[in-house]
Each structure stands twice: as structure tokens, then as C-alpha cells.
Amino acid sequence: EAGVAQSPRYKIIEKRQSVAFWCNPISGHATLYWYQQILGQGPKLLIQFQNNGVVDDSQLPKDRFSAERLKGVDSTLKIQPAKLEDSAVYLCASSLAGGEAYEQYFGPGTRLTVT
Amino acid sequence: AQSVAQPEDQVNVAEGNPLTVKCTYSVSGNPYLFWYVQYPNRGLQFLLKYITGDNLVKGSYGFEAEFNKSQTSFHLKKPSALVSDSALYFCAVRVSYQKVTFGIGTKLQVIP
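So the protein lines, in turn, are chains A and B.
Using the working numbering, read the first sequence as starting at 1 and increasing by one per residue.
Using the working numbering, read the second sequence as starting at 1 and increasing by one per residue.
Simulated from the structure, these hints should not be mistaken for laboratory data.
None of the values given here were measured: they were computed from a predicted structure.
Note that beta-carbon positions come from the ideal geometry of N, C-alpha and C, so glycine has one too.
Any given hint could be a false lead.
Claimed, not checked - Between beta-carbon pairs, the in silico distance windows are:
1. A:S66 with B:A14: 44 to 54 Å
2. A:K44 with B:E64: 20 to 30 Å
3. A:G99 with B:S3: 15 to 25 Å
4. B:S80 with A:S66: 46 to 56 Å
5. B:G29 with A:G40: 25 to 35 Å
6. B:A5 with A:E85: 23 to 33 Å
7. A:G99 with B:A5: 22 to 32 Å
8. B:N17 with A:Q17: 45 to 55 Å
Claimed, not checked - Below, simulated DSSO-like cross-link-like pairs (lysine-lysine); rule was C-alpha separation at most 30 Å, straight line:
9. A:K71 with B:K99
10. A:K44 with B:K77
11. A:K44 with B:K22
12. B:K99 with A:K83
13. B:K22 with B:K107
14. A:K78 with B:K99
15. A:K62 with A:K83
16. A:K44 with B:K58
17. A:K44 with B:K69
18. A:K44 with B:K99
19. A:K62 with B:K99
20. B:K107 with A:K11
Construct the complete structure from the given sequences, taking the supplied hints into account.
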């Protein structure tokens with residue numbers, strides 16, 4: 001089966017610019033996650049969708065970050081305006097369902113560099 | 001609040017020797033525990049999980065992990081390390097109605 005797809009793989013922008021990341025989860029997976037992974041740290045959950053509804057966005061900096069999952073499949077994560085501290089790898093993951101017993105399947109990530 | 005600790009930044013082991021990557025956790029409630037592996041420039045890959053039942057869990061690529069409730073640990077093990085096992089390993093924990101929390105990762109270096 002095809003894995004989680006993400007694009008772009010790399011992005012370099014200047015601070016105060018905007019950027020968007022795209023994710024296509026594994027077919028049939030109802031739950032989609034966006035994580036931020038800063039170098040030397042574990043992934044930090046930004047937002048979790050169940051189908052096209054938001055389950056948890058408590059760690060999403062809502063003044064600059066937004067995400068949507070229209071039609072319950074693909075998702076986009078946007079940063080506007082970007083700050084230097086947003087430099088990180090942004091990981092998308094999906095799982096069959098949102099329960100705590102389900103493992104997550106991760107995409108390759110988008111490495112964002114903000115200069 | 002839940003937390004995960006991976007006390008070793010790096011573990012070095014000779015090829016063919018047994019390996020252990022340590023993980024301890026702190027939660028309120030029954031934990032669901034996971035191990036993921038990350039190869040360079042790739043996303044995390046699921047290795048194994050503990051939900052309930054047998055404390056010894058077997059996973060992909062010959063890895064296994066032992067759940068120890070009294071020591072709140074979930075150490076990852078493999079009887080014989082391969083050079084190809086060299087990667088970054090993440091332990092993660094989740095309890096009901098909470099988001100998953102990842103550790104900071106342990107770099108495993110298998111020396112030929």
C-alpha cells in the first residue's frame with residue numbers, strides 16, 4: 001500500500017514570508033496528524049484531525065499556523081508569517097482511527113529553513 | 001501530565017552483540033507504549049507497541065520490548081545488532097484521551 005505522501009520535501013524561505021505544506025494520508029485512514037520536529041527533539045503534535053474535524057490543536061500557534069483537511073483526505077498546513085524558530089521538519093502522519101492503541105504511519109517530512 | 005524519558009543520547013554496540021535502548025515513562029492511568037525508528041531524511045517508522053497482555057512485545061526487524069509496570073519502563077531490545085539497525089529510535093506514550101508524547105530520541109550506532 002502507498003505510504004503517507006508529503007510535499008515539498010525541502011523549503012527555504014525568509015522570515016515573515018508564508019509557506020504551505022501538503023499531506024496525503026494512507027487511503028482509508030481517518031485520523032491525520034501534523035507534527036513539528038525541531039533538531040534534537042522528538043516530534044511535537046501540532047494538530048490532529050478525525051476525518052475533517054479538529055480533535056486537538058492545543059499546541060498549534062494559531063496566530064501564525066493554520067491547517068485544514070477538506071473532504072477528510074488531504075491536508076495542508078500553513079505558516080504565515082514565518083519566524084526563525086519555525087525552522088524544523090514538519091511531519092504528517094495518519095492512523096486508521098484516533099484511539100490511543102493505533103500506531104501512526106509517518107510521511108518523509110518537509111524540512112523548513114527560515115532565514 | 002504524561003512524559004517519556006530516553007536517558008541515553010547515544011548507544012554504541014558492536015555488530016552481533018545484543019542491544020538495549022532505554023525508555024521510562026510517567027503517566028496517570030494505563031499507558032499505551034510505542035517504539036518508532038527514524039532513518040536519515042525519512043519519517044518515523046512504527047516498530048512495535050504495548051497495549052495490554054504479555055509484557056514482552058515482538059515487533060519488526062527482530063526487535064522486541066519489555067513492559068515493566070513497577071519500573072515504568074519499556075526498553076527496546078534485539079538479540080543481535082546489525083549495522084543496518086543504526087538509526088534514531090523514539091519511544092512514545094499515550095493514555096486515554098491524551099495526545100501521544102514522544103521522547104527526544106536515542107541514536108543507535110552499530111559498529112562493524
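Hints not upheld, ascending by number: When the structure is compared with the hints, none of them turns out to be violated.
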